[in-house]
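Asks: Note that this note's numbering has the sequence shown beginning at 1, numbered continuously upward.
Some clues are possibly wrong.
[Unchecked claim] Calculated lysine-lysine pairs in the DSBU-like style (CA-CA distance at most 35 Å, straight line):
#1 K225 / K540
#2 K615 / K475
#3 K277 / K244
#4 K23 / K420
#5 K336 / K244
#6 K128 / K183
#7 K615 / K530
#8 K314 / K262
#9 K301 / K267
#10 K277 / K420
#11 K475 / K128
#12 K362 / K183
#13 K244 / K288
#14 K327 / K358
#15 K475 / K183
#16 K336 / K262
#17 K505 / K540
#18 K301 / K252
#19 K225 / K344
#20 K183 / K244
#21 K267 / K288
#22 K295 / K266
#23 K225 / K420
#24 K505 / K475
#25 K353 / K530
#26 K505 / K495
[As the list claims (entries may be wrong)] If you anchor each label on the Cβ, the simulated ranges turn out as follows:
#27 Q306 / T388: 24 to 34 Å
#28 P230 / E585: 15 to 25 Å
#29 F223 / G76: 51 to 61 Å
To be clear, the hints were calculated from the coordinates, so they are not data collected in a lab. Being a predicted model, the structure only gives us computed values, none of them experimental. Glycine is no exception: its CB is placed at the ideal position from the N, C-alpha and C atoms.
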Amino acid sequence: EPYFGRVCTKEEDGSEVSFLIGKKSNIEAGIVDWRNGPIAGLYFNYKQEEEFYEVINERERAGYIQLRRSYQIENGQLVQIDAPEGMFRRNEAGWEKLDVEDEIVAHRSRGMGSKEKRLPNILSLITKDQFELVTSNPEHPVIIQGSAGSGKTTVALHRLAWLLHEENSFAQAKNTRVVVMNKSLQIYVCATLPSMGIEGVETSTFNGWALSIIRKAVRGRPFFKFLNVPSFVEEIKFSEEILKALEGWVEKQNCALDAQVKEIFKKWPGLLKSWTKTNNTAVLPRLKDFAHDVKESSLPKYDKDQCLAFLNRKSFDMEDYVQDVYKLLHDSGHLKGYLPPNPKLDSHLDYLKRLTEKNRAKNNLDYFDMSLVLRLIQLKNGGLPDGTGGVTSLDHLVIDEAQDFGPVEFAIMMSAVSDKRQITIVGDVAQKILSARKFIGWNKVVENLGMEEDSIIRLEVSFRCTAPIMTLAHKVAGDPKKVEGRAGPDPEWHKAEDRESLLEKLVDWTHSLVKADPYKLIALICRYPKQAMELKEELKEYLPGEVRLGHRDQFSFEPGIMVTNIHQVKGLEFDSVALIEPDEENYPIRREESRNMIYVGITRTQDDLLLTTVKPFSRVFFYN
Numbered sequence: 001e002p003y004f005g006r007v008c009t010k011e012e013d014g015s016e017v018s019f020l021i022g023k024k025s026n027i028e029a030g031i032v033d034w035r036n037g038p039i040a041g042l043y044f045n046y047k048q049e050e051e052f053y054e055v056i057n058e059r060e061r062a063g064y065i066q067l068r069r070s071y072q073i074e075n076g077q078l079v080q081i082d083a084p085e086g087m088f089r090r091n092e093a094g095w096e097k098l099d100v101e102d103e104i105v106a107h108r109s110r111g112m113g114s115k116e117k118r119l120p121n122i123l124s125l126i127t128k129d130q131f132e133l134v135t136s137n138p139e140h141p142v143i144i145q146g147s148a149g150s151g152k153t154t155v156a157l158h159r160l161a162w163l164l165h166e167e168n169s170f171a172q173a174k175n176t177r178v179v180v181m182n183k184s185l186q187i188y189v190c191a192t193l194p195s196m197g198i199e200g201v202e203t204s205t206f207n208g209w210a211l212s213i214i215r216k217a218v219r220g221r222p223f224f225k226f227l228n229v230p231s232f233v234e235e236i237k238f239s240e241e242i243l244k245a246l247e248g249w250v251e252k253q254n255c256a257l258d259a260q261v262k263e264i265f266k267k268w269p270g271l272l273k274s275w276t277k278t279n280n281t282a283v284l285p286r287l288k289d290f291a292h293d294v295k296e297s298s299l300p301k302y303d304k305d306q307c308l309a310f311l312n313r314k315s316f317d318m319e320d321y322v323q324d325v326y327k328l329l330h331d332s333g334h335l336k337g338y339l340p341p342n343p344k345l346d347s348h349l350d351y352l353k354r355l356t357e358k359n360r361a362k363n364n365l366d367y368f369d370m371s372l373v374l375r376l377i378q379l380k381n382g383g384l385p386d387g388t389g390g391v392t393s394l395d396h397l398v399i400d401e402a403q404d405f406g407p408v409e410f411a412i413m414m415s416a417v418s419d420k421r422q423i424t425i426v427g428d429v430a431q432k433i434l435s436a437r438k439f440i441g442w443n444k445v446v447e448n449l450g451m452e453e454d455s456i457i458r459l460e461v462s463f464r465c466t467a468p469i470m471t472l473a474h475k476v477a478g479d480p481k482k483v484e485g486r487a488g489p490d491p492e493w494h495k496a497e498d499r500e501s502l503l504e505k506l507v508d509w510t511h512s513l514v515k516a517d518p519y520k521l522i523a524l525i526c527r528y529p530k531q532a533m534e535l536k537e538e539l540k541e542y543l544p545g546e547v548r549l550g551h552r553d554q555f556s557f558e559p560g561i562m563v564t565n566i567h568q569v570k571g572l573e574f575d576s577v578a579l580i581e582p583d584e585e586n587y588p589i590r591r592e593e594s595r596n597m598i599y600v601g602i603t604r605t606q607d608d609l610l611l612t613t614v615k616p617f618s619r620v621f622f623y624n
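Based on the sequences and whatever the hints tell you, model everything.
Replies: Here it is as C-alpha cells:
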C-alpha cells in the first residue's frame, strides 16, 4: 500500500498543489510521509472545502482543501475510495457506492479472503484531535484508552512511528521499547512494526525484559516458579504498599551502611567528606565510587587493604538481591509497618513467612517475586543496569495493556525512561484479567505524569467487532446498552449434551467457516492452558492436521484453526472465535476477573462468535 490518501489544495495566490500521503515518502511519485508534520496535517486536520492556514517549510500557506480522498490498496490495485460523496468499492463488475452498513464493514482491519493477520492500518481513520495528540508535542506523555477493537495499540504504535521519524523527537529506535503483557501479543506487534516504518525497536513482555536484566545482575541463575499461592499472597506482592516496603528496606540498609562507614572512616575526615557528599547517590554506584577514592588515597597499605575489603564485602552483600527478597518477605515486622490494617494480617504474614522459608530452602522464587527483585536492582543501582556498567535511560517507552500492571511494575517502567514525559500508555480497565495486580488507576497515572485528564485519547468505536458482539460485551461488562455499528450474525449459544456433542459442534462450525472463507483465522479459546492442550488432542480425531496450539512463542497468525487459552489472547484479534466451556466452574461470577476474561474472549472476534458448553453457562452472562 504505497499511499492511503490524497489532498489537492487551492492556495491564496491561485496556485494548486496535489500530493498523496503514505507510510513512506516517495518524492518522484508525489507521496508525502504521514509523519511529515505540517504537510501531512493538511490531510488529517481538514475536510474537503475547509479553509486552511499552516506554516510549512518556514513559509505561511493559506487556502482551502479542494479535494480530500482516502484510499485502500490491495495487491497493488486501488480497491476502495472514501470521499465526501460516499465510499466506493471495486468489485468484479466495476465500482459501486456502498451503503452505511457496508461502509462500516469496509473499515474493518482485514477483509474477506485476506491472508494478512496483523494490527490494522488505521491512519485514514484517525480524527483531527487524535492526530494532533499523536503528533503535536514529543515532550508530552500520551495516554490512550478505549474499548476492545478500537485501535488503541495501533494508535500508540503510530505515535511511536511519528516520534522516530527524522527530527520529530530525539528518540532513537535502539533506545526505545514496547512492553506488552504476553508473548503472543509480542509476536503480533513485532510482525506489525515494519509495516509502520518502525525498525530496530525492542518489543518484549514485561517478564521477558525483567528476566533478561535479572539474569545478568543476579549471582547464579535464579529459578522463578509458578506456585499455587493464596490470593492474599499475590495481593501483598502486587500492592502499592509493597513498593513502599521495598524502598523502606533499601533505605534501612543504606542507613546501617552509612553508620558503619562513618565509624570506620572517622580517622580520615577527607575520605569521610567524600562519602558524605554522595549521600543522594544510589548505594551500589556510591560504594563503587568511594572504593575508587579509597584506592587512590594516600592511606597506609594495611589500612587501605582493610577498608577496600570492607567496601567489597558491602557491595557483595548489597548485590544479593534474591536473599534480600527472602529476608524482606520473612520480616513480618517490617511489612506490617507498611501494609494496611486487616484482621487477618498477622495470619497472612505468618503464612508468607513460612512460604518464604520453604522457597529459600529449595532455592526457588515465586514468579510474583520477579518484579520485587527487579525493583531492588533498580533502587540499588540508581536504574536498571544496561550491561555496560551504566543504567538504562530509555528515550521512549510504550506500555500496552497497562491495566494489568501493578504499582511495582509501573514504578520500574516509569523510572526506566530518561524523562517520565517520554511515555505512551495504552489500556482498558474492562479487559483487566490479572486481579491481584491492582492497577494504580487512570487518575493516578495522569497525576504522576503531570497531565490534564482531558488530554487523554479516548477511542470509543470498535472497528473489530460487530454490533451484536459488542452489545453482548457491554452486557458482560456490566454496562448493558444497544450498540450501533457493523451488522453481523448474533452470537451463537450452544448447550451440548456431552463432550462428544460439543466436539461435533466445533467441527461442524469450523468446517462451515473455512468453506465460506479458506483464509479465516479461527480461535478456540479455553480457560486454562491444560484444557487447550486436551482439546487439541481431542480434535485430532475429527480434524487431523488442521488444528494447532497457540501458546506463548508457538503462536502463528496464518489462516487456520488455533486452540489457545484466555490469557494468551489479550490484544489479539481473529476472524472467528469459539469460547469453550464458559461455565460457572471456569468463570465463577464471584471472581472479579471472570467478567473481564469473558469480555476479552468474546471481543477477540471480528465476525463470528460461538459459545459452547456442556454445563450451564456462567452467570456472568446474565447478571450485572
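Asks: Each of the hints needs a verdict: does it hold here or not?
Replies: Hints and how they fare:
Simply put, K225 and K540 have alpha-carbon atoms about 31 Å apart, close enough for the 35 Å limit, and the pair holds. With a C-alpha separation of about 21 Å, the suggested pairing of K615 with K475 holds against the 35 Å cut-off. About 25 Å separates the Cα atoms of K277 and K244, which keeps this hinted pair within 35 Å; it holds. The straight-line distance between the Cα atoms of K23 and K420 is roughly 28 Å, inside the 35 Å bound, and the hint therefore holds.
Taking the CA atoms of K336 and K244, the gap is about 12 Å. The hint holds against a cut of 35 Å. Annotation: proposed proximity of K128 to K183 holds, straight-line Cα distance about 33 Å (limit 35 Å). Only pairs whose Cα atoms come within 35 Å are accepted, and K615 paired with K530 is accepted, the gap being roughly 18 Å. Distance check on the hinted pair: K314 and K262 sit about 14 Å apart at the alpha-carbon level, within 35 Å; holds.
A C-alpha spacing of about 15 Å is found between K301 and K267, which places the hinted pair at or below 35 Å, so the restraint holds. For the hint linking K277 to K420, the alpha-carbon distance of about 27 Å falls within 35 Å, and the restraint holds. Note on K475 and K128: the hinted pairing holds, with a Cα-Cα distance of about 31 Å set against a maximum of 35 Å. Distance check on the hinted pair: K362 and K183 sit about 28 Å apart at the alpha-carbon level, within 35 Å; holds.
For the proposed pair K244 and K288, the alpha carbon gap of about 26 Å is at most 35 Å, so the pair holds. A hinted pair counts as satisfied when its Cα atoms are at most 35 Å apart, and K327 with K358 qualifies at roughly 13 Å. For a cut-off of 35 Å, the pair hint linking K475 to K183 stands: about 29 Å separates their Cα positions. Only pairs whose Cα atoms come within 35 Å are accepted, and K336 paired with K262 is accepted, the gap being roughly 30 Å.
For a cut-off of 35 Å, the pair hint linking K505 to K540 stands: about 15 Å separates their Cα positions. A threshold of 35 Å between alpha carbons decides the hint, and for K301 with K252 the separation of about 32 Å falls inside it, so the pair holds. A hinted pair counts as satisfied when its Cα atoms are at most 35 Å apart, and K225 with K344 qualifies at roughly 26 Å. Restraint check: the Cα-Cα separation between K183 and K244 comes to about 29 Å, which is no more than 35 Å; the hinted pair holds.
Using a Cα cut-off of 35 Å, the hinted pair K267 and K288 holds, with the two alpha carbons roughly 21 Å apart. The suggested pairing of K295 with K266 holds, with an alpha-carbon distance near 17 Å, which does not exceed 35 Å. Straight-line distance between C-alpha atoms of K225 and K420 comes to about 32 Å, which keeps the hinted pair within the 35 Å bound. Proposed proximity of K505 and K475 is supported: the alpha carbons are some 25 Å apart, at most 35 Å.
At roughly 31 Å between alpha-carbon atoms, K353 and K530 fall within 35 Å of each other, so this suggested pair holds. Taking the CA atoms of K505 and K495, the gap is about 10 Å. The hint holds against a cut of 35 Å. Look at Q306 against T388: about 31 Å separates their beta carbons, and that is inside 24 to 34 Å. Evaluation of the 15 to 25 Å hint for P230 and E585 yields a pass: the beta carbon distance comes to about 20 Å.
Here the CB-CB span from F223 to G76 is close to 52 Å, well matched to the stated 51 to 61 Å.
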